[in-house]
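Number of protein chains: 2
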Amino acid sequence: MSDVLDLPDQYDVHPVTKIVRGPKRASYDRKLVHGIIDDALICHVGTVVNGRPTMIPTAHWRVGERIYIHGASKNRILGAIAEGAEACLCITHLDGLVMARSAFHHSANYRSVVIYGKGEVVSDDAGKMEHSRLFMEKLEPGRWDTIREPNKQELKATMFLGFDLNEVSAKVRAGDPVDDDEDYSLPVWAGVLPCQNVWGTPIDDAKIDPGFVGKGKKPE
Amino acid sequence: MSDVLDLPDQYDVHPVTKIVRGPKRASYDRKLVHGIIDDALICHVGTVVNGRPTMIPTAHWRVGERIYIHGASKNRILGAIAEGAEACLCITHLDGLVMARSAFHHSANYRSVVIYGKGEVVSDDAGKMEHSRLFMEKLEPGRWDTIREPNKQELKATMFLGFDLNEVSAKVRAGDPVDDDEDYSLPVWAGVLPCQNVWGTPIDDAKIDPGFVGKGKKPE
Numbered sequence: 192m193s194d195v196l197d198l199p200d201q202y203d204v205h206p207v208t209k210i211v212r213g214p215k216r217a218s219y220d221r222k223l224v225h226g227i228i229d230d231a232l233i234c235h236v237g238t239v240v241n242g243r244p245t246m247i248p249t250a251h252w253r254v255g256e257r258i259y260i261h262g263a264s265k266n267r268i269l270g271a272i273a274e275g276a277e278a279c280l281c282i283t284h285l286d287g288l289v290m291a292r293s294a295f296h297h298s299a300n301y302r303s304v305v306i307y308g309k310g311e312v313v314s315d316d317a318g319k320m321e322h323s324r325l326f327m328e329k330l331e332p333g334r335w336d337t338i339r340e341p342n343k344q345e346l347k348a349t350m351f352l353g354f355d356l357n358e359v360s361a362k363v364r365a366g367d368p369v370d371d372d373e374d375y376s377l378p379v380w381a382g383v384l385p386c387q388n389v390w391g392t393p394i395d396d397a398k399i400d401p402g403f404v405g406k407g408k409k410p411e
Numbered sequence: 192m193s194d195v196l197d198l199p200d201q202y203d204v205h206p207v208t209k210i211v212r213g214p215k216r217a218s219y220d221r222k223l224v225h226g227i228i229d230d231a232l233i234c235h236v237g238t239v240v241n242g243r244p245t246m247i248p249t250a251h252w253r254v255g256e257r258i259y260i261h262g263a264s265k266n267r268i269l270g271a272i273a274e275g276a277e278a279c280l281c282i283t284h285l286d287g288l289v290m291a292r293s294a295f296h297h298s299a300n301y302r303s304v305v306i307y308g309k310g311e312v313v314s315d316d317a318g319k320m321e322h323s324r325l326f327m328e329k330l331e332p333g334r335w336d337t338i339r340e341p342n343k344q345e346l347k348a349t350m351f352l353g354f355d356l357n358e359v360s361a362k363v364r365a366g367d368p369v370d371d372d373e374d375y376s377l378p379v380w381a382g383v384l385p386c387q388n389v390w391g392t393p394i395d396d397a398k399i400d401p402g403f404v405g406k407g408k409k410p411e
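Quick mapping for you: the protein sequence lines, in order, are chains C and H. Under the numbering used here, think of the first position of the first sequence as 192, with each following residue one higher. Under the numbering used here, think of the first position of the second sequence as 192, with each following residue one higher.
It is worth saying that the hints were derived from the structure and are not from the lab. Hints are not guaranteed to be accurate.
No copy labels: a pair is met if it fits in one copy or bridges any two.
To be verified - No farther apart than 25 Å at their CA atoms in a straight line, the calculated lysine-lysine pairs in the DSS-like style are these:
hint: 1; residue 1: LYS265; residue 2: LYS209
hint: 2; residue 1: LYS347; residue 2: LYS309
hint: 3; residue 1: LYS215; residue 2: LYS398
hint: 4; residue 1: LYS329; residue 2: LYS408
hint: 5; residue 1: LYS265; residue 2: LYS343
One chain only, chain C, in its complex shape (with noise of 0.2 Å):
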C-alpha cells in the first residue's frame, strides 16, 4: 500500500488545511496521515448538492498517495463529486474522553485526517475490478481468491472514486488532561477515559455452509 519512498515526510500545508485552532495538535506528516487513514474503515464524505452541504459515511481504502471510496453509481452525492463538485473527507478516530479538574478543559483523545479535493472516477472494468480486490483485502486478505468476483452488471452499478492526498491535514490530542494551576488541588477525579472500536466474536451467516461454521475470523 505504501510508496512513499520518494516523497517529502510532510505534506504542504496548504490555506484550506492550515489547522488555525489548536496548532499543537496539527500534523502533516505523510505516514501518521497514513497510518491514520488505514486503521479506519470508514469516513465521511461531504459534498454540495443544490447549494447545501451534504455527507454520508462510507467506506474508504488508500492506494499510495490516493484515498478511494464506491458506492452505487446512482447515488447522488458520489454523482455530484463524479460530476467535479469539490469534497471533503474526514477519518475521526475516538480514542477517549479527557476528564478535566474544569468544565472548559474536558476534552477528547483522538486522531483525525481531513482532506479536501475533487475525485476521480475510475471509469474501466479493469480498475473497478482492481479496487473491488483492493478493498476486498483490506477487509481480510486473501478473501479476495475465495468470493465470486463483481459481474458486469455490479461493476456498472458501483462507481468508485478516487482522492489525491494533497490538501490533507492531520489533528491528534493524546495523554492527560490540562488543567489551569489552580484548579490541581480540586476533589475531583481527573484523567482520560479510554475507548476503541473492538471485535467481537464473527457471527456465521443463518444460511452458513456446514463446513464453514466457526471459521470467521476478526480483522486485524
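Go by the hints and put chain H onto chain C.
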C-alpha cells in the same frame, strides 16, 4: 432529555431527507433517531466555507428536538454556521462488517443519522452555562457538581450551536449478508464481524490527587 410525548412518532420526510439509495434501510422514527444520536459522543459537522465543503468531528448532545455542538468561538466552521451557512450533521455507529459470498454484496452493519439545517447560536451566558452542564452530564452524570464551572472568559471563548431535528433521517443495516441465490453454495465463510466501541480502564491523570487514584468511572 426526552419530551416527545406530544410529537408524532415519525419525522416528516423532506426533499433533502428522502432516502433514495437503500430505501429499505431508511427510517424517520423519532425514538430511533434520538437513540442513535444519544448513543454517540461525536458527530461530523459539514458546511461550506469560502465556497468549499468542509467538515469537523466534534462532540454533541441532544436536548429534546435539538442537537447541540460547541467549540472555540473563533473556529471558522462554527463561525460560518453562526453567520447563517447551512450545515449537515452526521452521526455514524459502525456495528460490523458484513462478509458475503460475492464481493458486491459485502456491506457494513451500521446506524446513522443525517441532519440538515441552520444552526442557532446560544448567545446568553446562562444558556451557555446550562449547555456546559448538559454536555458534562452526558459524559458523566453528576460530574458537573464536582468540577469547576466555566468562568466568564471561558464562556466567551466558547460557541454553542443548536440545530433543530426537523430535516432528519436515519439509516440502519443489521443482520446477515444477503447473497444472490446461486452464490450460497460457494465454499467461503460468510457472516458478520461485529464491532463496537469499548471503554477501557480509566487512566488516572499523572497529577491526580492521591485520594482519587483509581476513582475514574467508565461511561455507561
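Broken hints, by number: Going through the list in order, the structure violates no hint and respects every one.
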